[in-house]
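Chemist: Fit chains U, S and P to the supplied structure of chain D, relying on the hints for placement.
Which chain is which? The protein sequence lines are D, U, S and P, in order. Numbering of the first sequence is given in my numbering, commencing with residue 1 and proceeding in unit increments. Numbering of the second sequence is given in my numbering, commencing with residue 101 and proceeding in unit increments. Numbering of the third sequence is given in my numbering, commencing with residue 339 and proceeding in unit increments. Numbering of the fourth sequence is given in my numbering, commencing with residue 427 and proceeding in unit increments.
For the record, the hints were derived by calculation from the structure and aren't laboratory data. Where a beta carbon is used, it is the ideal one built from N, C-alpha and C, also for glycine. One should not assume that every hint holds.
So the derived label-pair ranges between C-beta atoms look like this [unchecked claim]: (1) Ser520/P <-> Thr165/U: 56 to 64 Å; (2) Ser509/P <-> Glu289/U: 52 to 60 Å; (3) Leu495/P <-> Asp340/S: 33 to 41 Å; (4) Asp31/D <-> Ala110/U: 57 to 65 Å; (5) Phe363/S <-> Pro10/D: 33 to 41 Å; (6) Met422/S <-> Gly335/U: 42 to 50 Å.
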Amino acid sequence: MNIMQALSIPFLLGGFFFFLAATVGLLRFPDFYTRLHATGKGDTLAVLLSLIGLSVYEGFSFTAVKILFIAVFMFLAQPTSTHAISRAAMRCGLKPWVKK
Amino acid sequence: MEVTVLIQTADKAFEILEKARNEARELLYSSAKIASETKSLEAKRAEQAFLSGAQHTKLAIRNYTLTFFMLFAFWVLLSGRLDLFHLTLGVLSCLLISYLSYDLLFANVRIGDIRIMFKRFFAAAPWFLSQIFTANLHVAYLALSPKMPIDPSILRFNTKLESDISWVALANSITLTPGTITIDIRDGEFFVHAIDKKVASDLDTGEMEDKIAHVFMEADHIYIQDILDVSRIFGELK
Amino acid sequence: MDNFFLWLGMGLFFLVLLCLYRGVFGPGVLNRVAAISAIGTKTLVILLIMGYIYQRVDMFVDISMVYALLNFLGTITVAKYLEMSGEI
Amino acid sequence: MTRLTDDIIIRAVARIMIPFIQIYALYVIMHGHHSPGGGFQGGVILGASFILYLITHGLEEARARMSELKAGIFSASGLLIYSGIGLLCLILGSNFLDYGRLSLILKVIPAQARSLGILGVEIGVGITVMAVMFSIFFDISTGGIIPEDEEIKEENG
Numbered sequence: 001m002n003i004m005q006a007l008s009i010p011f012l013l014g015g016f017f018f019f020l021a022a023t024v025g026l027l028r029f030p031d032f033y034t035r036l037h038a039t040g041k042g043d044t045l046a047v048l049l050s051l052i053g054l055s056v057y058e059g060f061s062f063t064a065v066k067i068l069f070i071a072v073f074m075f076l077a078q079p080t081s082t083h084a085i086s087r088a089a090m091r092c093g094l095k096p097w098v099k100k
Numbered sequence: 101m102e103v104t105v106l107i108q109t110a111d112k113a114f115e116i117l118e119k120a121r122n123e124a125r126e127l128l129y130s131s132a133k134i135a136s137e138t139k140s141l142e143a144k145r146a147e148q149a150f151l152s153g154a155q156h157t158k159l160a161i162r163n164y165t166l167t168f169f170m171l172f173a174f175w176v177l178l179s180g181r182l183d184l185f186h187l188t189l190g191v192l193s194c195l196l197i198s199y200l201s202y203d204l205l206f207a208n209v210r211i212g213d214i215r216i217m218f219k220r221f222f223a224a225a226p227w228f229l230s231q232i233f234t235a236n237l238h239v240a241y242l243a244l245s246p247k248m249p250i251d252p253s254i255l256r257f258n259t260k261l262e263s264d265i266s267w268v269a270l271a272n273s274i275t276l277t278p279g280t281i282t283i284d285i286r287d288g289e290f291f292v293h294a295i296d297k298k299v300a301s302d303l304d305t306g307e308m309e310d311k312i313a314h315v316f317m318e319a320d321h322i323y324i325q326d327i328l329d330v331s332r333i334f335g336e337l338k
Numbered sequence: 339m340d341n342f343f344l345w346l347g348m349g350l351f352f353l354v355l356l357c358l359y360r361g362v363f364g365p366g367v368l369n370r371v372a373a374i375s376a377i378g379t380k381t382l383v384i385l386l387i388m389g390y391i392y393q394r395v396d397m398f399v400d401i402s403m404v405y406a407l408l409n410f411l412g413t414i415t416v417a418k419y420l421e422m423s424g425e426i
Numbered sequence: 427m428t429r430l431t432d433d434i435i436i437r438a439v440a441r442i443m444i445p446f447i448q449i450y451a452l453y454v455i456m457h458g459h460h461s462p463g464g465g466f467q468g469g470v471i472l473g474a475s476f477i478l479y480l481i482t483h484g485l486e487e488a489r490a491r492m493s494e495l496k497a498g499i500f501s502a503s504g505l506l507i508y509s510g511i512g513l514l515c516l517i518l519g520s521n522f523l524d525y526g527r528l529s530l531i532l533k534v535i536p537a538q539a540r541s542l543g544i545l546g547v548e549i550g551v552g553i554t555v556m557a558v559m560f561s562i563f564f565d566i567s568t569g570g571i572i573p574e575d576e577e578i579k580e581e582n583g
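Chain D with its partners taken away, still in its complex shape:
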């Protein structure tokens, strides 16, 4: 195992931790909008960290740049799809949960 492969491990573990947090949030939060908080934020950073870790593991090649490009794409796409689906919920008249 060389130094690049060792460097990738913390990134991958961090990505896994944020994936775990996002999933637990998706399961535990009380309503749809708060669940979107979990997936919209958690998955974006988790994917970013995981893909950076994988491209660091890959080293310097075209494939690593492609993986980073997927990361950039997800960075743009994930908040946008979160916004689209939450906007659909708002237009359909879904009321947000409030604390009693």
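Modeler: Chains U, S and P only, in chain D's frame:
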């Protein structure tokens, strides 16, 4: 006796300081106003020139070539094969796509100087990344804590940004920063779902909006950074 | 390192199963769409990890990119459809 | 699905993404012989980019960029490329789609001629799949009504 003299001099000193501060503030505001006025004038002139035909074709050609080169760079990244046959295929397909959608990638007329935007974007990136990291730690804390201390509310605010790219940047960074997601936009009014009362007050300061307006060079607004730039020039002139 | 990738992939698979609870039982179609979008995001990383296990990353990276693209497109289309129909 | 969305965010993101999606689709079509993918998959991605344009920019703008007539012409011409290459092989005295014989007119060795022939067939398949996917989506979103039909109906009374 000596004490009164001292107090009087102190008072006078404060007065002078106050006066100087007011003057400086006026100067800064007027300079910033002049700067923004010249900017809007320039934008208007560019728009007029854009309406006349020659400028239009020039802009179309510029869009075409810029799109072509961006797409070709993307093709080389994807393909990874640098022999003549694949490069020829790449040139042909980039020509086709830039013919099909040359007006999509650079549809925004108001966009500023790209080099400056890139520089400012990379200067602002660490702040955004740190915000995203804090946001995720916050969500992880909320999701994993047993009591789950949330108190959701919806707040709305009007934005002063104008171009669509900066709207995208604002909406996406609201979604990615702690405790808030953009859920709807109606006629320039942002509806933001905040998971906590505390983060709702954080958003009202408009710090993020200023940063995005600065990065994307929104024309008609006075930003703090520009005032600081102008003030340095005025100091040198004096 | 192969073992590490294997365990990571299995962990992500476990998370996909957890998300599937929302996808199957989650009240309403909106929760299901959110859960499926989350599953798609995890699948993208699982595909890349599978590529490293099989030593064919250059192949799996293309599949992963298509998966990211179709995940985004599907979410946008369903959101648009729900918005036009106006009811959940 | 037929209206222009009033959401600037989705529209701007789609506007930035669509050219890259299209170039990616062409990459998948043209590198079908040494990476996953090929004509069908690339055609689906290319069609998906036009569908993304339709659902974000509305029916009218999509019609200006890619009308029903153009989609029909594209699907027919893709089929023409495919069967034309096959017939060319047939004419040169071999089986249908046996690309090795193309070496007679392309002036290359048979292996390379096979590669080029497969590339041509995949381009044809990709164009057809793109046009057919797009016209199916068009039919779903308009309910099968084409503006020319309505004009004819108005003329007849």
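Chemist: Taking the hints in turn, state whether each one holds.
Modeler: Quick rundown of the hints versus the structure:
1. Ser520/P <-> Thr165/U: 56 to 64 Å: violated (44 Å)
2. Ser509/P <-> Glu289/U: 52 to 60 Å: Given range 52 to 60 Å: holds, Cβ gap about 56 Å.
3. Leu495/P <-> Asp340/S: 33 to 41 Å: violated (55 Å)
4. Asp31/D <-> Ala110/U: 57 to 65 Å: Given about 60 Å between the Cβ atoms, the range holds.
5. Phe363/S <-> Pro10/D: 33 to 41 Å: holds (35 Å)
6. Met422/S <-> Gly335/U: 42 to 50 Å: Taking Cβ atoms as reference, methionine 422/S and glycine 335/U lie about 58 Å apart, which means the hint is violated.
Hint compliance for this structure: hints 1, 3, 6 are not met, and every other hint is.
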